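Chains as they are written, first to last, in this note's numbering: chain A, 1 to 401; chain B, 1001 to 1208.
If you're looking for bench data, these hints aren't it; they were derived computationally from the structure. Keep in mind it's a predicted model, so treat the numbers as computed, not measured. Heads up, the beta-carbon is just placed ideally off N, CA and C, and yes, glycines get one too. Incorrect hints may appear among the rest.
[What the hints assert, rightly or not] Across the chosen pairs, the derived CB separations fall in these ranges: (1) B/H1131 to A/D138: 41 to 49 angstroms; (2) A/G393 to B/V1182: 36 to 44 angstroms; (3) B/H1131 to A/D73: 24 to 32 angstroms; (4) A/E394 to B/T1188: 53 to 61 angstroms; (5) B/S1133 to A/E54: 38 to 46 angstroms; (6) A/D57 to B/M1001: 30 to 38 angstroms; (7) A/D57 to B/T1027: 54 to 62 angstroms; (8) A/E54 to B/R1002: 48 to 56 angstroms; (9) B/M1142 to A/N341: 45 to 53 angstroms; (10) A/K35 to B/Q1095: 24 to 32 angstroms; (11) A/G393 to B/E1163: 40 to 48 angstroms.
[Stated by the list, open to error] Think about it this way: if two alpha-carbon atoms lie no more than 30 angstroms apart in a straight line, the pair counts; the simulated DSS-like pairs of lysine-lysine are: (12) B/K1177 to A/K68; (13) B/K1157 to B/K1056; (14) A/K183 to A/K289; (15) A/K68 to B/K1179; (16) B/K1145 to A/K39; (17) B/K1145 to A/K95; (18) A/K239 to A/K216.
[To be verified] Which residues of chain B face chain A? A partial, calculated answer using Cβ under 10 angstroms: (19) K1093; (20) I1172; (21) V1181.
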Amino acid sequence: MKDDLTVMMLSWEFPPRIIGGISPHVYFLSKSLAKQGVKVYVITCDFPDAPSHEIIDGVEVYRIDSYKNPAPDFATWVYLMNLNMQKETAALTRKIANKIDVFHAHDWLVANAGIGLKHVFRKPLLVTMHSTEMGRRDGLHTSTEKMIHETEAWLTYEAWRVICCSEYMITHVKWAFGLPSDKLVMVPNGVNTDCYNDIDADLKDFRSKFALPEEKIVLFVGRLVYEKGIHVLINAVPKILEKVNAKFIIVGSGYMKEQLLNIVRSMGLEHKVLFEGFLDEQTLLKLQKCADVSVVPSLFEPFGIVALEAMAAKSPVVASDTGGLSEIIEHDVTGVKVYPNNPDSLAWGITKVLLDENYRKRIRENAYKRVQEKYDWEKIAQQTKHIYEGVLGEYSKSFWA
Amino acid sequence: MRIIIFSWEYPPRVVGKLSEYVKALSTQLVASNVEVNVVTYDDFFTGSAQEPTGVKTVRVSNPVRTHIGVLTWVLTLNQEVERAAANIYYQAKKQIDLVDVYDWHFIPAAVTLKNGLGIPFVYSVESLEDHRSPNTNTSYNMAIKGVEWLGFYEAEKISVKSEWMRDEVIRIYKVPKEKIVVISTNPTSWITEILKLYNSTSGGLKGK
């Protein structure tokens, strides 16, 4: 196998442009691949004050004109942006004398560019499906949703391999697009442990801004929307307070905020439940380190990165047994799993963790070990590199080679 | 000379006047010893890839069935046009002299092929969005005008059928006059003029 493996990563978001989980994913994956000696180009959308070309941690980043004129709607904008992305990537590929081995696309947002480039340069295309329109919308209800779904189907059809971040997503994607099993491969999402290790060990003063010394901290991080199950946690609060003195810290925002605040007020628990909104990264990292328990009560979760972050921060996790969370958490070993959408079960899990210090210590240590073994970006980059090499081995026997 | 023509209509698919025009042009070019590949849209009226006239046609269909407008329909169809054109390119051992693209629909594919493979293209103007939808500047129309602008900017040469159209292209898109060639459909000079245009375009990207 040649050692100058080159990959052209296509992603609609890359830091400092952060819209969702794809941006940090592509950043850490690209950086870790570069460490493995892979030459990585990232082609992404432009962002105010970010340069159109720069090298970040060994990764060559090109930011393209993302079509800034008004577009009729989001989906049409995506296709117009792809026109620019494809044009500029084609020019770049020609400039480097076609010295690339694979195109790697992330989600339907770069489908057109990825598919067109594959055929124009006759190089293999891989895709990571982070999510699906069916999953996001709980079905396909409008023409736009159907169009996006069919674009996803087209992308997975054209791809040599389809990477998903959990077994749950593998099953879902296989069913949603009717793909053969040998086309799908699971590579978990990674989590960065360094950012937690860099934090000062003494967080006593920091902690006192949020809770009294005798109060345990229960942390929720996520959008305040139905699928995240935050209402289940709020309903569990009085049941938990019967058994243990705790402060509930809610980080994030969303359309359910007012409704949730009203419930907390009607229970007379405003002094126990703090809504912090969005927090800056450092504050969030510190809170995750301080938390006596981190709660992920989601009803739908393709992966569940927030559970992994808590594990990396050495905060014990209580999560609902659903989607990707079911795979991340091993019950009684790396965390506690509870029934989804069930406040009694959730209260039981949180109480169990808060009342038993030895148990807490044990699952924290196990969880941190698991993160290092399975969700380390270096290992994930190695797996991804192996997938590229496997695809290139198959490609070398095809008439395109 | 080996060329590829992009047109979103070609017989038996007839939407406007373009279809019969491209057919007549292709047939005449074949008679003048040009290898003509037409890449067009398959609306399921035909299956044959080889026309009796000697024109090679590839008909592509849209990989995405559901659409919310002509714009999304066109933008997803372009990758299939690229696939068809790339197949012709690689089968011809990368010897394609130029692409001649009719109207805005397949400009994205022509632009990608130019930037990625160095195949120059002629943008042949049949009509403009500004005339088709006068006095409308919705984001939808502006996006189509944006694609037309990209075509004028990236094209090696622009071909129009009348001096009026040449002046309109200059007025609306500020294209330099030297880039535009007026070729009337006068039967005595038509094909000669087209061949002259192709010859001046072919190899236009070499050394760039």
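Going down the list of hints, with the structure as the test:
1. B/H1131 to A/D138: 41 to 49 angstroms: holds, 44 angstroms
2. A/G393 to B/V1182: 36 to 44 angstroms: violated, 54 angstroms
3. B/H1131 to A/D73: 24 to 32 angstroms: Cβ of B/H1131 to Cβ of A/D73: about 25 angstroms, so the range 24 to 32 angstroms holds.
4. A/E394 to B/T1188: 53 to 61 angstroms: holds, 56 angstroms
5. B/S1133 to A/E54: 38 to 46 angstroms: holds, 41 angstroms
6. A/D57 to B/M1001: 30 to 38 angstroms: With Cβ atoms ~49 angstroms apart, the hint is violated.
7. A/D57 to B/T1027: 54 to 62 angstroms: holds, 58 angstroms
8. A/E54 to B/R1002: 48 to 56 angstroms: Taking Cβ atoms as reference, A/E54 and B/R1002 lie about 41 angstroms apart, which means the hint is violated.
9. B/M1142 to A/N341: 45 to 53 angstroms: Holds: the Cβ-Cβ distance is about 46 angstroms, inside 45 to 53 angstroms.
10. A/K35 to B/Q1095: 24 to 32 angstroms: Cβ of A/K35 to Cβ of B/Q1095: about 42 angstroms, so the range 24 to 32 angstroms is violated.
11. A/G393 to B/E1163: 40 to 48 angstroms: violated, 59 angstroms
12. B/K1177 to A/K68: holds, 29 angstroms
13. B/K1157 to B/K1056: The hint holds at about 24 angstroms.
14. A/K183 to A/K289: Distance ~39 angstroms between A/K183 and A/K289 Cα, so the pair is violated.
15. A/K68 to B/K1179: It holds: about 28 angstroms lies between the C-alpha atoms, which stays within 30 angstroms.
16. B/K1145 to A/K39: Measuring from Cα to Cα gives roughly 38 angstroms; hence the hint is violated.
17. B/K1145 to A/K95: Given that 30 angstroms is the threshold and the Cα spacing comes to 28 angstroms, the pair holds.
18. A/K239 to A/K216: holds, 15 angstroms
19. K1093: Violated, because the Cβ-Cβ distance from B/K1093 to chain A comes to roughly 13 angstroms (cut-off 10 angstroms).
20. I1172: This hint is violated: B/I1172 lies away from chain A, its Cβ roughly 16 angstroms from the closest one there, beyond 10 angstroms.
21. V1181: violated, 24 angstroms
Violated hints for the displayed structure, listed by number in ascending order: 2, 6, 8, 10, 11, 14, 16, 19, 20 and 21.
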